Each structure stands twice: as C-alpha cells, then as structure tokens.
Amino acid sequence: MVNRCKYLLKYCVLFTILIAGLYGRVQAQFQSVKTDDLHLVYYNFGHEYLVNHTIRSYSNALRFHKEKFGYEMRESVVLIMSDFGDFANGGASAVPNNIILMGIAPFHYAFETNPANERINVLMNHELVHIIAQDKPSGSDRFFRTVFAGKVYPDRSDPVSVLYSYLTNPRIYSPRWYHEGIAEYMTTWMSGGIGRVMGAYDEMVFRTMVRDSAHIYDAIGLESEGTTVDFQVGANSYMYGTRFMSYLSMKHGPESLLLWVSRSDDSRRSYARQFKRVYGASMDEKWSEWIAWENSWQQENLGRIRNNPVTQGRVLSRRPLGGVSKAVYDEERDRIYVAVDLPGTVSHIASLDPNTGGMNRVTDIRGSALYFVSSLAFDPETATLFYTNDNNSWRDLYSVDIESGKSRRLIKDSRTGDLVFNPVDRSIWGIRHFNGIVSVVRIPYPYNEWNRIHSLPYGEDLFDIDISPDGKWLSAASANVSGQQKLLLMSTDSLLAGKFQPVEVFDFEVSSPSSFSFSKDGRYLYGSTYYSGVSNIVRYDIENRQMRWLSNAESGLFRPVPVSGDSLIAFEFTGNGFVPVRIASNPVERVSAIRFLGQEIVEQHPQVTKWMLPPPSPAQFPVEEMITERSDYSPLRSLSVVSAYPVIQGYKDYAAGGLRLNLGDPLRLHSMAITLSYSPHPGLAAREHLHGSFLYEASAWHFFGMYNGADFYDLFGPTRRSRKGYALGVGYKDNAYRDINRTLDYRITTTYYGGLERLPEFQNILTSFSEFVSLSGSLTYRSMSNSLGAVDHEKGFLWEFNTYNNYVEGRLFPRINQNLDYGIALPVRHASLWFRSSTGVSFSPREEPLGNFYFGGFGNNWIDYNPSRRYRSFYSFPGVDLNRIGGVNYGKLLTELALPPVRFKRAGFTNYYANWAQLNLFGSGLVTNFDHEATRQRFFNAGAQLDVRMVVFSILESTFSVGYASAWDYDTGRRSDEVMVSLRLLR
Amino acid sequence: MEDRIIKLIHGEIDGVNTPEESRQLHAILEENEKVRELLEDLQHLSRRLDRMKSEITLPESLADPVRKGIELEESAIRKQDNHTYEHNAEAVMSQSNFFTGKTAAVIASIAAVVLLVIIVTADFGQPETENVSGTIGTDGVERSERYRGTQMTGADIALDNAEMQQLLQSDSFQRLVASGELQTLASNETFVNMMASPDMRQLFASVDFNRLLASPDFQNLSASVDFNHLFANVEFNRLMTNPEFNRLMTSPDFNFLFANVDFNRLFANVEFNRLAASPDFQMMMANVDFQRLTASVEFQRLAANVDFSNLMANPDFNRLMENPEFSNLRSSPEFQQLAASVDFNRLMSSPDFARMMTTPDFKRLVASVEFQNLMTSPDFQRLGASVDFQRLAANVDFSRLMANPEFHRLAANVDFQRLVANVDFSRLMASPDFAGIMASPDFQRLMSTVDFNNLLASVDFSNMMANPDFNRLMANPDFHRFVATINFEL
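Chain order of the listed sequences is U and P.
Using numbering that gives the first Met the number 0, you'd call the opening residue of the first sequence number 0 and step up by one each time.
Using numbering that gives the first Met the number 0, you'd call the opening residue of the second sequence number 0 and step up by one each time.
Fair warning: there could be bad hints in the mix.
A few chain U residues facing chain P, derived, Cβ under 8 Å [claimed, not checked]:
hint: 1; residue: HIS52
hint: 2; residue: ASN116
hint: 3; residue: LEU494
hint: 4; residue: LEU495
hint: 5; residue: VAL601
Simulated crosslink set (SDA-like; lysine to any residue; CA at most 20 Å straight-line) [stated by the list, open to error]:
hint: 6; chain 1: U; residue 1: LYS609; chain 2: P; residue 2: SER171
hint: 7; chain 1: U; residue 1: LYS250; chain 2: U; residue 2: MET783
hint: 8; chain 1: U; residue 1: LYS609; chain 2: P; residue 2: LEU158
Just so you know, the hints here were simulated from the structure itself, not pulled from any lab data.
Note that the structure is a prediction, hence the values are computed from the model and not measured.
Virtual Cβ for every residue (Gly too), placed ideally from N, Cα, C.
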C-alpha cells in the first residue's frame with residue numbers, strides 16, 4: 000500500500016511538472032485579434048500586414064452571406080492565418096467549432112485552375128460559404144446543440160457520436176462536390192465573374208469528355224471512383240460540383256441553389272432530400288438531365304471550334320501523362336524533360352523522345368503538385384536538370400544529373416519555383432513566395448543560396464518566367480488584384496541593378512498568358528492562352544510586336560516547346576491527362592471562340608451580377624473600431640466544453656452506460672475527453688461497476704488515465720480492451736526528422752498500473768502482479784510512397800525499434816523488438832509486393848508473463864476502429880488463437896501480395912456506397928524461443944483478407960473486412976483455421 | 000450627376016484612372032446606386048462596342064481605302080482646327096466641340112452602318128456571325144465573351160506596414176534569422192528590454208540615425224570587420240557612453256583631425272601604439288600639468304620645432320645639455336618662452352614626465368616624422384587647445400582605446416574618417432536619444448554580451464543596419480512583441 004502511494008505520488012508530481020512545462024511552452028505562440036464575428040489567430044510577425052485587410056475581407060463577405068443566406072452568427076469563426084505552403088489554400092469546418100485555415104501565399108495559375116484576383120477576398124468568400132453550409136442550423140439542430148452542449152464531432156472511439164453529430168450538424172454529412180460546388184458558385188459571382196463558373200479550364204474538361212465520349216460520372220461514381228482514378232483526383236469534386244450547381248442555377252435560377260443549401264426550420268436534414276424538395280425531382284434525375292445538357296452544350300461549342308480548320312497534332316505518347324510541368328528541351332540529346340503525375344505511377348521527371356514518344360524515368364518527384372507537378376530548368380552544358388520537390392509545402396531545390404540519374408538537394412525550403420536557367424552566367428532565376436509576397440530571386444552557381452532581386456507589392460504576382468538565350472531579357476506573366484493578366488519583358492541587367500521596369504508586351508485581360516518561353520533565336524515567345532475560351536498556342540514576335548495564333552484546338556494545347564523551326568511540341572488535354580503532341584509552327588488564320596456556361600447564366604439571370612461585393616474599404620470596415628480584443632493566444636486558457644453526450648461501452652461481458660465530456664480550445668491544439676460509465680450488472684464485483692477514463696492531448700504530449708477501463712468495441716469482441724484496475728500515464732511523440740514521404744518518429748510512454756488482473760497488452764494473459772510501471776518507447780523510420788489513385792502504400796521501407804520495460808517491485812522486465820518492412824511496386828497498376836519481418840528478445844525469465852512476447856489471431860474486432868490490416872502487426876498470427884504463441888525471443892517473416900484494388904463506379908445509394916475493394920494475400924512463419932528447445936514453437940500460416948471501403952452519410956468512411964487464414968504447428972503438425980469478419984468504423 | 004464623377008467613370012472604363020482616382024470612384028460607387036448603374040451601363044456598352052468593332056473584319060482591299068479616307072479626314076479636321084485657332088480661340092472651342100461631340104458620333108455611326116451593310120451584302124467568306132466574339136490584329140482570332148464586373152484595384156486594399164516586407168523578403172535578413180543569432184538574442188532579456196525601451200525606439204525612429212544609416216559611408220563602414228570588432232570592444236562601448244567623448248565627436252576640430260593624414264599615420268605608428276599602451280603615458284595624459292602644457296601655444300610651437308624633436312630623441316639628457324643642438328634650441332625664442340612658462344616648469348619637475356621622457360618609445364615617437372607633422376598641424380593644435388580634448392585625454396577609457404590596435408585600424412579607415420566627418424553622425428552623437436541609449440544600463444549590458452557582439456559582427460546584420468526598413472522594424476512595438484515570443488520566427 001505504501002509502495003502504491005509512493006508510485007502514485009511520483010506520478011502526480013510528474014503530471015504536474017509536465018503540465019506546468021507545457022503551459023509555459025505554449026504561451027504566446029499565437030497572437031489573437033477578436034471582433035464580434037471573428038477570432039483571427041496568427042503566429043508570424045511577417046503576416047501582420049494582412050491582418051486588418053483580412054478582417055475587412057472577412058466582414059465584407061460575411062455581410063453578404065448573412066443577407067443572402069439569412070445566416071445569423073451565433074459563434075464567431077476562428078480564422079488561422081498561415082504560410083505553411085507556397086500556394087494559397089483554404090479549409091473550413093464548422094464542427095465542433097467554426098474554423099477557417101487560410102494560407103496567404105499566392106495562388107498557382109497552372110492551366111488557369113485558380114482565379115488571379117485578390118486572394119484573401121476570394122478565400123473569405125469561398126470559405127465562409129462552407130461555414131454557412133455546414134453551420135447554419137434549423138430549430139431542431141439548435142435544440143440538439145443545446146442538449147449535447149455543442150456541435151458533436153464524430154469520434155471513432157465512441158461511434159454513437161456519429162448519430163449525435165448528424166442531429167446537431169446534418170449538412171456536414173454531404174459530399175464534397177456539394178460543398179465545393181456551392182462555394183465556387185458563390186465565389187464566382189461575389190468576385191464579379193472571376194471563378195470556376197466562368198472558368199475556361201472547366202469548360203475544357205467537360206468539352207473534352209464529350210468529344211472523347213468519356214464517362215461523365217454520376218454523383219456516386221464521382222466520389223467513389225472519379226476523385227481517385229483521374230489525375231485531377233479531388234479537384235473533380237470542385238469541377239463537377241460547380242458545373243452541376245451552375246446548370247441548376249441556369250435552369251431554375253440562382254435562388255434555387257440558396258434554397259437547397261441554406262438550412263432552415265422547414266428544410267430537410269439530408270441535402271439529398273432537400274434537393275428533391277426544392278427541385279421536385281431526385282438528384283439522380285437532375286444529374287442525368289445535366290449530363291444530357293452538357294453533351295449538347297459541348298457539342299455546340301465543338302461545332303463553333305470546327306467552323307475553322309482544327310489543328311491536328313501528331314500524338315507522341317502511347318498513354319496520357321496525367322499532370323505535366325513546364326517542359327524543357329535538350330537539343331544535344333534531342334529529348335524533352337517534363338515532370339509527370341498520373342494515376343498508378345509514382346510522379347517523376349520523364350525524358351521524352353520527341354520523335355517516337357518513348358519515355359524514360361529520370362528521377363522521382365517527391366511531393367508533386369496537382370496540375371503543375373514540379374518546376375524544371377535545364378543546364379545543357381552540364382546536362383543538369385534543376386527541379387523542385389515538396390511542391391505542396393515549402394519547395395526544395397534539387398538537381399539531377401541526366402546521365403547518371405543522381406540527384407541531390409541544393410536548397411531546402413527555398414520556396415522558389417518557376418525556375419529558369421540563364422545560360423550566360425549559369426544562374427537560376429525563379430519566383431519565390433514568402434509571407435504572401437512574390438519575389439524574383441536569382442540563385443547563382445553553385446546554387447547553395449539565393450539572392451532577392453525584387454519583391455513585388457502584395458497582390459501583384461509574377462509567374463511562368465523565362466530568360467532569353469542571350470540572358471538579356473526575362474519574360475514573365477503578371478497578375479494583379481483586379482485579375483488583370485499581362486505578358487511582360489524585363490531587362491536582366493536592370494533587374495540586377497535594382498531597377499524593376501517591366502515592359503508590357505501583351506494585355507491578356509481576363510485570360511492568363513501561360514508558359515511563355517523564348518525561341519532558340521530569341522525572336523519569339525511561345526506560350527498559350529485561353530483568349531478564345533480554348534487554350535491555344537500563340538507566338539509573339541518580339542521585333543514586330545505581334546501576337547499570332549498557331550493552333551485552333553478542340554480541347555486545349557499547353558506548354559509549348561519549340562524544337563525546330565517548323566514544329567513544336569505541346570501538351571494536349573485529354574480526359575485522362577495531358578498528351579504530348581507535335582504541331583506545325585505556322586500561324587492559323589481563324590480561331591473561333593466558345594460560349595461559357597457562366598456567361599449563359601449572366602444572360603439568363605443577370606441578377607448574379609448584383610452579387611458582386613464592393614471592395615472591403617477601410618471606410619466601410621473601420622477595423623480599429625471593430626476590434627474588441629488583442630491578446631496572446633493560450634490553448635490552456637481557452638479550453639472550454641465542446642460537447643457532452645451519452646455513451647455505451649462494454650466491460651468484460653457486460654454493457655455500461657455513461658456520459659462523455661469533450662473539452663477543447665478553438666484552435667484544436669488541446670483536447671480532453673472524460674468518460675464516466677456504470678455497469679449495473681450484478682455479476683460484476685461491487686468495485687467494478689464504475690468505469691472512468693480521461694485523455695488529454697496537447698501537441699506532442701498526451702496524458703491518460705483509467706479506472707476499470709471500458710470500451711465501446713468490447714461490446715462486440717473478440718479482442719477486448721477493457722481491464723480491471725487503474726492506470727495513469729503520460730506519453731510524448733514527435734518527429735525527429737520529417738521530409739516528403741519520409742519521417743523519423745519517436746514515442747515514449749510511461750504508465751502506472753494498479754489492481755490489474757490481466758496484462759494490458761495481452762488480454763488472455765493473467766498477471767502475476769497487480770501493480771507495475773511500464774515504460775515503452777519506439778523509434779520509427781518510414782519512407783513510403785504511392786501513386787495517384789492508390790489505396791495504400793505501394794513501395795517503400797519501414798524500420799521500427801520498440802522497447803517495452805515493466806518494473807515490478809524492484810525488478811525490471813525489459814523487452815526489445817524491431818520490425819523491418821520493404822515493399823516494391825509491381826508492373827501492374829497499384830499492385831505491390833511486401834516483405835515484413837520482425838524479431839524480438841526479452842531479458843526476463845521465461846516463466847514470467849510480463850517478460851514474454853505473445854502472438855496469435857488477426858486481432859480485428861467484429862466492430863473495430865483500429866487499422867483493418869492488423870495481420871501486418873508483429874503480434875498477430877492469423878490462424879491461431881489470440882496470444883496463443885509466446886516466447887522470450889522470436890523471429891517472424893511475412894510476405895504479402897497486394898492485388899490491384901477494384902474501384903466501383905456505382906455501388907450503393909446517394910448516402911451509402913462502396914468505394915473500392917482490395918484483396919491481399921499473405922503467408923508467414925514464426926519461431927519463438929530459439930534458445931530453448933523445450934519451449935520452442937514454430938508456426939506457419941497462409942491467408943487472405945478482402946477489404947471493402949464504404950462510405951456512409953456521404954463522408955464517413957468505414958472498412959468492411961473479411962479474412963481467412965490457416966496455420967500449421969510445425970512441431971506437432973496440427974492445423975487450425977480462423978475466419979475474421981470486421982467492420983472498421985470511421986475509416 | 001457631377002462632371003467629375005462622369006469623368007472618373009470614363010477614366011475607369013478606359014483604364015486611365017490613377018489609383019487615387021479609382022479609390023475615389025469606388026468610394027462614390029459604394030454610396031451612390033445611380034453612379035453604379037451608370038458605370039455598369041457604360042461598361043456593358045463598351046463591351047458591346049468592342050465586340051461590334053471586332054466583328055467587323057474587313058478584307059485588306061476594303062480596309063485600306065477606308066482607313067486612308069479616315070486618316071485624310073482626320074488630317075483635314077486637324078488642319079482646320081489649327082487654322083481656326085490662329086484666329087479666334089472661342090471659335091476653336093466651338094469647332095472642336097462640333098467634331099468631337101454628337102455630330103462626330105452620328106457620322107461614325109452612319110459610317111459603321113454603311114460598312115455593316117456593305118459587309119452583310121457582300122460575300123467576304125466570313126464565319127457565321129453567331130460564332131464570332133472577337134479578333135486580334137489581322138488574325139481572325141475571336142475572343143470569348145466572359146462577364147467581368149468592375150474589379151477592385153490596388154488602391155482598394157489597405158495594408159499595414161506592408162513596406163516592411165521589402166526587408167523581411169531580403170536574403171540578408173532571412174539569413175540573419177536562419178543563422179539563429181536574432182533568435183538567440185530574442186531569448187536574451189536585456190535585448191528584449193532594449194528593443195522595448197522608448198530610448199531605443201526613439202533612436203531608431205530619429206531622422207539623424209536613419210540618415211546616418213542610409214549614408215553610403217556608414218554602409219561601407221558597417222560592412223568592415225574592424226568596425227564590427229570595435230563595436231564589440233568593451234573600452235569603445237564605455238567610451239561611447241562618455242559625455243566628453245560625445246562632445247568631442249561633435250567638434251569640427253576632432254573631425255578635421257580624424258581626416259588628417261598625419262594623424263592617421265601616427266595612429267599607424269608602432270611606437271605610438273606602444274606608448275599609448277604604456278601606463279606612464281596614460282598617467283601623464285591624466286596629469287593636469289601636462290594637459291595645461293599641451294594646451295599652451297608655446298608648447299605647440301615647441302612641439303612643432305624640429306630641434307625639440309631631435310632633442311627628445313636623444314638618449315642621454317645630461318649629455319643633451321651640452322649638445323650643440325640643445326644650445327641652438329635654448330637660444331630659440333620659442334624655447335625661451337616655453338621655459339618661462341609655469342606649466343613647462345611644473346611639467347619638467349613632474350616625476351611622471353621624467354619617467355616618460357626616459358622611455359625609448361617616447362623618444363622614438365617624438366623623433367618620428369608623423370609626430371612632428373601632427374604637432375605642426377593646425378587641426379591638432381586647435382584640438383589640443385580644446386577643453387573637451389584635454390578632459391578626454393585624461394580619461395582612462397580613451398587611453399585604452401587609443402592603445403587598441405583595432406581602433407587604430409578603424410581610425411585609418413577612410414570610411415570611418417568620412418563617418419566621423421559626417422554631419423549626421425555628429426548630430427547623432429550629440430542627440431539625447433543616442434546618449435540615452437549609450438548611457439542605459441541595458442545597452443551596456445547588451446554590448447557586453449557575446450550574442451549581441453556576434454550579431455554585430457555578422458555581415459548580414461551590418462547589411463541590415465544600412466536598410467531603413469530594418470530600422471523601422473526595430474522601432475516597431477509589434478516586432479518587439481514578436482521577438483519576445485518563444486517561437487519567434489519570420
């Protein structure tokens with residue numbers, strides 16, 4: 000008893016110290032500015048210049064939305080301003096609290112997939128639609144929010160929370176295309192016609208699908224297959240959603256969309272039922288109607304294009320390349336280098352033969368970006384290709400030797416792209432994004448540092464730069480806050496002298512001057528533009544100042560590479576991505592314009608032009624008067640009740656009912672869950688009726704405790720996590736190293752256990768002691784990757800070292816093990832072969848349960864929330880009972896064949912459908928107690944597991960798994976079988 | 000509606016408004032719906048006209064005569080205007096209105112209709128008009144029609160301290176941050192206090208300080224290693240807080256002296272350095288009599304005397320007395336005057352002087368050409384006569400600094416000399432802000448820290464010091480607040 004008290008006391012002291020330390024660490028990491036409707040948080044002095052502008056833009060958008068949607072703000076929005084990536088991005092969620100994450104970097108303009116006007120306005124317009132579409136409550140929603148003390152976030156450890164969540168926020172259970180569609184639709188008109196509704200890229204995508212008779216997905220197929228097999232992945236949700244919404248608005252008026260999306264007292268919870276109520280037809284019917292209309296609309300557009308001779312390029316590649324970067328031409332080797340990203344292949348730089356279309360892999364791109372993949376520049380003298388990795392975050396500059404294929408990192412987090420090589424002085428020039436500002440930078444040989452040449456004012460962007468062969472001129476596309484885009488020329492000498500004096504070459508107005516690059520003789524600039532609504536190749540004669548069109552394309556031609564005087568290589572958009580084609584380099588006489596769906600809406604429903612917002616002027620929004628508080632942000636001080644709801648749990652063989660209380664801070668940096676439940680069954684001892692647990696997570700730290708711990712999934716078995724006794728523990732986990740697809744993680748946890756009757760890790764092993772302290776740690780290195788459309792990792796390497804130490808009454812029982820996995824991608828798309836090994840040794844007496852390793856079973860529960868493929872864990876051994884095999888040392892090897900997944904175009908209903916199914920085959924061998932023949936055990940097994948990914952309530956993914964395995968005891972020859980059926984909730 | 004507003008609307012459509020005019024128009028648009036409607040109508044009209052203009056693609060055979068005809072007509076109008084102007088200004092107005100107003104529009108409309116009729120009736124092989132949206136130049140390239148509302152301009156965006164980004168974006172500043180030096184200092188309480196001190200803020204905000212930092216001299220100097228070493232020198236830092244030194248720095252004499260070649264040669268002189276480092280010299284410099292003596296005209300004259308120098312270089316003073324040179328000297332009027340002076344006599348009887356006179360360094364120094372030239376220099380003589388200099392000469396820190404080789408190198412540095420002669424520098428030295436900073440215990444503590452000295456010694460920091468934005472940043476209270484945060488980063 001005295002010992003127990005000492006242990007507990009030590010733990011309490013440890014807890015206090017850690018929490019106090021944590022409190023100190025998190026102080027003043029964020030700055031907080033509050034108005035009545037907004038809680039803006041930022042962490043960087045360099046972002047402060049945008050704070051007031053953001054408040055004004057937010058307030059401007061909110062005022063519009065309040066009026067348009069009848070939205071009444073009951074809870075201010077937490078807006079986190081960040082610069083975590085080199086390109087603008089945003090995200091919004093209304094559960095458990097309203098929060099917007101805004102990246103302040105400029106947008107990328109590849110293929111005109113993003114608007115070029117003022118981005119904070121665009122982001123605020125867009126993200127606030129998400130907040131309103133998710134948060135705006137009906138009377139019943141408000142009632143349930145009161146009952147559950149807030150908006151309930153679905154938690155996999157208590158899956159009944161899904162039901163409560165639906166009752167408090169039904170509209171978050173809508174597909175992504177719905178949320179993105181309405182957000183893009185509203186943003187387009189709020190921005191005065193700049194946006195996806197009026198977007199040339201979207202027109203091209205659907206026009207091309209119609210031209211190629213490609214499959215246009217229905218609403219279910221879009222989410223189950225369309226957003227995974229296509230190189231545009233999730234962007235398809237934006238395109239389809241916006242297109243469908245635009246069609247509905249053209250057909251039924253823009254106000255019909257507001258009726259559909261806006262939750263009100265008399266609206267339906269389900270977005271699909273509300274749709275039927277508004278439009279008088281099911282969504283399937285209207286979707287089919289839209290596809291029929293789309294076919295007809297695009298046929299008309301194709302007809303307009305075909306009024307003039309259509310450019311026919313010679314297709315060079317046997318298969319589409321997916322997304323493509325700017326391409327560079329290696330004249331000496333007659334090769335084109337281009338970074339590609341397509342489903343089924345890890346993104347890489349390809350070397351393309353412009354004559355035959357043959358391709359070789361030069362090097363992999365780690366962290367490829369959708370659409371532009373990477374940024375390339377080429378030094379022909381040394382045959383060195385410069386490129387960027389980590390393109391979705393802070394870009395790194397790399398080089399690769401074309402001959403040897405050897406690559407090396409030159410500058411980490413250079414944050415620079417749009418690379419171009421200056422052959423005169425061997426410097427690289429590029430465009431750097433930092434703190435929301437665009438700078439022209441120069442990276443001199445040997446490329447280990449950059450020099451800022453010129454920084455543009457906020458809102459002015461440069462992109463797609465090139466340098467003339469004589470190194471004297473730099474061309475660039477420019478965009479400003481009005482969305483006006485121009486092609487510019489600048490003298491490099493002037494730039495180096497600190498003079499930024501661009502000469503306007505051509506004003507493209509609403510369309511973007513894309514990928515302009517100099518011809519070999521420096522006389523021309525080749526690029527592409529959607530000037531006619533279709534992206535065509537153009538040529539600018541620098542001396543005569545004349546722009547000539549070189550193509551009249553049906554779909555769209557991009558990224559021209561002049562390879563000879565009379566022809567050039569371009570990339571043509573197809574339904575499956577970009578395809579390299581060779582076209583003649585001769586001007587065409589006539590190029591027809593197409594019609595835009597957005598323009599049709601304007602002409603049929605001109606009221607959308609009134610939706611444009613006025614500028615967020617300081618006069619309208621006097622920020623200093625609006626601000627109610629400025630302070631440091633403290634997660635601990637900001638902790639408050641997020642939700643509270645009843646739960647049901649299992650304890651041993653009995654059910655328990657109770658209550659769960661969730662606390663958290665608005666930034667979701669800290670969270671705490673406290674659960675109390677009670678099992679009334681008389682079969683339990685009196686001291687086992689009450690159950691309690693808590694988990695407090697704060698950044699890398701977590702603190703936990705339990706008393707007679709109960710678990711929802713123990714209601715189903717066969718694996719049980721409920722344990723008699725109590726525990727108090729603390730853990731820390733962090734990254735020692737992090738790079739794209741590579742991490743080195745470490746974790747350390749210590750727990751005090753008391754009153755136990757079974758081992759915490761092994762449910763079937765009785766303990767010989769009731770109290771002990773455990774200290775466990777792990778070090779894990781992962782280098783894994785997969786291709787677009789994959790459902791799992793497809794190749795890579797994993798090494799993990801674990802240590803488990805139990806300290807009981809002055810004795811230590813240490814164990815260590817290590818796992819090593821290695822996988823290779825097979826030539827068949829998304830198929831891979833894996834070898835997974837594990838070895839371990841214990842430094843404890845063989846007869847002591849605490850000092851042994853135990854193996855057996857698949858390990859899945861009937862209803863589960865842990866990873867489905869548990870047969871990969873070192874402790875599982877399908878075919879034999881749980882914890883059936885034990886030993887103080889062991890060796891295990893598993894071979895696994897992951898077969899290509901099957902994707903379902905349509906399997907289910909609007910809210911319930913299957914995404915994919917994958918079958919994995921495996922076989923393994925296990926030997927324990929190498930050093931002791933009498934207790935040595937040798938087992939083999941073979942089995943298979945089929946996993947089916949399903950979606951319920953539109954967004955909640957679950958996995959249904961069926962497994963079968965046979966195991967053989969090598970020494971006795973006995974065989975045992977196991978069938979596993981499991982439903983993993985919430986993923 | 001006011002003409003001014005109409006003008007602004009036209010300017011906006013034509014894209015010729017200045018940012019200020021755009022801002023004015025947007026302010027009006029926000030309040031006045033009629034103005035908004037007018038703008039939209041005119042924009043719509045403008046787009047239609049553009050479209051109509053581009054739809055009319057004439058074959059060259061037709062376009063050329065028409066273009067030439069229009070040019071001829073315009074030329075005639077211009078000629079007529081000019082001719083009329085010579086006669087009567089009012090008539091010009093009238094004529095001008097006639098041709099640029101309604102009548103011109105009517106003529107243009109009629110011409111357009113006529114051309115349209117010709118085009119429609121003749122078969123020029125045009126594509127279907129339904130599909131034509133716009134063209135560029137002589138190419139038959141059609142522009143797609145896409146609605147676009149009047150967009151905001153840069154003038155509509157109000158940012159705060161955006162100019163600071165020019166600094167934050169620079170590679171020098173980011174290297175400084177990446178080096179960790181600024182962050183190390185950020186955890187230094189003294190630095191944070193300094194940054195938050197009103198004195199420091201005033202200093203960074205002061206015109207003199209900023210002008211100085213912006214001066215090329217200072218920029219060159221701050222990039223020099225010597226300057227940075229000197230900044231890290233304890234004696235220099237102490238001296239900088241000395242009011243006498245500050246007063247001296249503001250004196251033109253001192254500035255002239257620093258610019259004096261001989262003075263600098265002397266500083267480079269090994270003997271002088273040894274002497275300056277000797278305790279005897281320092282004691283003597285502190286001697287009131289010596290100070291009086293050096294201030295006397297007689298001494299200065301004597302010091303300028305070659306013979307006196309030779310005399311002083313003589314190893315044996317007794318033998319010296321018999322030396323013919325000494326006889327010459329003694330007979331000189333200057334010596335006689337000097338010998339008659341009380342100060343000289345007091346000095347000669349001073350043990351300090353006696354000891355110093357016996358040191359080889361002193362003898363070699365006095366024998367050096369540089370010393371002799373310096374002594375004859377009017378600048379030195381004026382400076383030596385100043386009370387401030389005399390007080391300073393008695394200051395131990397000054398003496399130590401004088402003995403510091405880094406200071407000598409710096410003093411020989413042309414940039415430093417220019418800096419000392421710089422009016423802004425002098426003003427800064429004399430400013431209460433600067434004195435306040437120099438005298439503040441925080442600053443002195445900071446100057447003695449390794450971190451701060453590392454920072455001062457860094458080239459990037461020197462580059463930054465020359466950047467006015469950096470000073471604004473340093474004067475920004477918000478920046479101090481951020482620097483004080485534990486995860487300070489940029």
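Consistency of the hints with the structure:
{"no.": "1", "hint": "HIS52", "in the structure": "holds, 6 Å"}
{"no.": "2", "hint": "ASN116", "in the structure": "holds, 6 Å"}
{"no.": "3", "hint": "LEU494", "in the structure": "violated, 15 Å"}
{"no.": "4", "hint": "LEU495", "in the structure": "violated, 14 Å"}
{"no.": "5", "hint": "VAL601", "in the structure": "holds, 4 Å"}
{"no.": "6", "hint": "U:LYS609 - P:SER171", "in the structure": "violated, 48 Å"}
{"no.": "7", "hint": "U:LYS250 - U:MET783", "in the structure": "violated, 48 Å"}
{"no.": "8", "hint": "U:LYS609 - P:LEU158", "in the structure": "violated, 27 Å"}
The structure shown violates the earlier hints numbered 3, 4, 6, 7 and 8.
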